[in-house]
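All residue numbers for the sequence shown refer to this note's numbering, where the first residue is 77 and numbers rise by one.
Please note: incorrect hints may appear among the correct ones.
[As the list claims (entries may be wrong)] List time: in silico DSSO-like cross-link candidates among lysine-lysine, alpha-carbon distance up to 30 Å:
1) 107 - 127
2) 80 - 101
3) 134 - 159
4) 84 - 165
5) 101 - 127
6) 80 - 165
7) 101 - 165
8) 80 - 107
9) 84 - 101
[Claimed, not checked] Ranges of calculated distance between the beta carbons of each label pair, as one might list FRET restraints:
10) 93 - 140: 18 to 28 Å
11) 77 - 168: 31 to 41 Å
12) 157 - 107: 13 to 23 Å
13) 93 - 116: 18 to 28 Å
14) 137 - 78: 29 to 39 Å
If you're looking for bench data, these hints aren't it; they were derived computationally from the structure.
Bear in mind the structure is a predicted one, so any value in this text is a computation, not a measurement.
The beta-carbon is built from N, C-alpha and C at its ideal position, and this holds for glycine as well.
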Amino acid sequence: MTEKEIEKQLHRLYDPEGQYRINQKYSSSDKHVYTQEGDRYHWLTISRTGKNIYIVTKTDASGLITMRDAYQSDENSLRCISKERLVTKQGRSVLELLRESKRESERTSTIGRNKPKNKGDRSL
77 MTEKEIEKQL
87 HRLYDPEGQY
97 RINQKYSSSD
107 KHVYTQEGDR
117 YHWLTISRTG
127 KNIYIVTKTD
137 ASGLITMRDA
147 YQSDENSLRC
157 ISKERLVTKQ
167 GRSVLELLRE
177 SKRESERTST
187 IGRNKPKNKG
197 DRSL
């Protein structure tokens with residue numbers, strides 16, 4: 077797949093209703109910014125961060141990033157390698173990596189497993 081095809085596929089995935097339009101003012105060759113017409117805060121960005129890695133972010137009505145997903149492209153496929161979502165805990169908001177089941181992570185992830193920090197800890 078070409079870079080344009082990948083970007084088009086990601087754009088359709090995160091904007092199925094077609095509410096976001098490319099914003100040339102904030103876009104560059106390696107980062108494409110999509111905004112909603114008349115709205116300064118809802119952004120959808122698709123960035124190429126490596127040879128085959130794409131990062132998709134989306135913001136809420138206040139401009140705060142609420143999700144960040146990473147994709148890896150191969151010759152004919154595109155697969156999600158990580159997902160982060162905004163989580164509010166004890167009055168603080170942070171992007172938290174979504175955990176997958178062990179079977180799901182083995183099937184979709186290319187990231188190596190972390191070694192446990194303590195004897196009782198387990199990693200996925």
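Against the structure, the hints come out as follows:
This hinted pair checks out: residue 107 and residue 127 have alpha carbons roughly 14 Å apart, not beyond 30 Å. Under the criterion of a C-alpha separation no larger than 30 Å, the hint pairing residue 80 with residue 101 is consistent with the structure, at around 19 Å. Annotation: proposed proximity of residue 134 to residue 159 holds, straight-line Cα distance about 12 Å (limit 30 Å). With a C-alpha separation of about 35 Å, the suggested pair residue 84 and residue 165 falls outside the 30 Å cut-off, and the hint is violated.
The suggested pairing of residue 101 with residue 127 holds, with an alpha-carbon distance near 24 Å, which does not exceed 30 Å. Note on residue 80 and residue 165: the hinted pairing is violated, with a Cα-Cα distance of about 38 Å set against a maximum of 30 Å. The suggested pairing of residue 101 with residue 165 is violated, with an alpha-carbon distance near 35 Å, which exceeds 30 Å. Using a Cα cut-off of 30 Å, the hinted pair residue 80 and residue 107 holds, with the two alpha carbons roughly 12 Å apart.
Annotation: proposed proximity of residue 84 to residue 101 holds, straight-line Cα distance about 19 Å (limit 30 Å). Separation of residue 93 from residue 140 is about 21 Å and conforms to the stated range, judged on CB atoms against 18 to 28 Å. The hinted window of 31 to 41 Å between residue 77 and residue 168 holds, with their beta carbons roughly 39 Å apart. Take residue 157 and residue 107: their Cβ atoms lie about 19 Å apart, and the range 13 to 23 Å holds.
Distance hint check for residue 93 and residue 116: the Cβ-Cβ separation is about 19 Å, which falls inside the suggested range of 18 to 28 Å. Range check, residue 137 to residue 78: Cβ separation about 34 Å, and the 29 to 39 Å hint holds.
Of the hints listed earlier, those the structure fails to meet are numbers 4, 6 and 7, in rising order.
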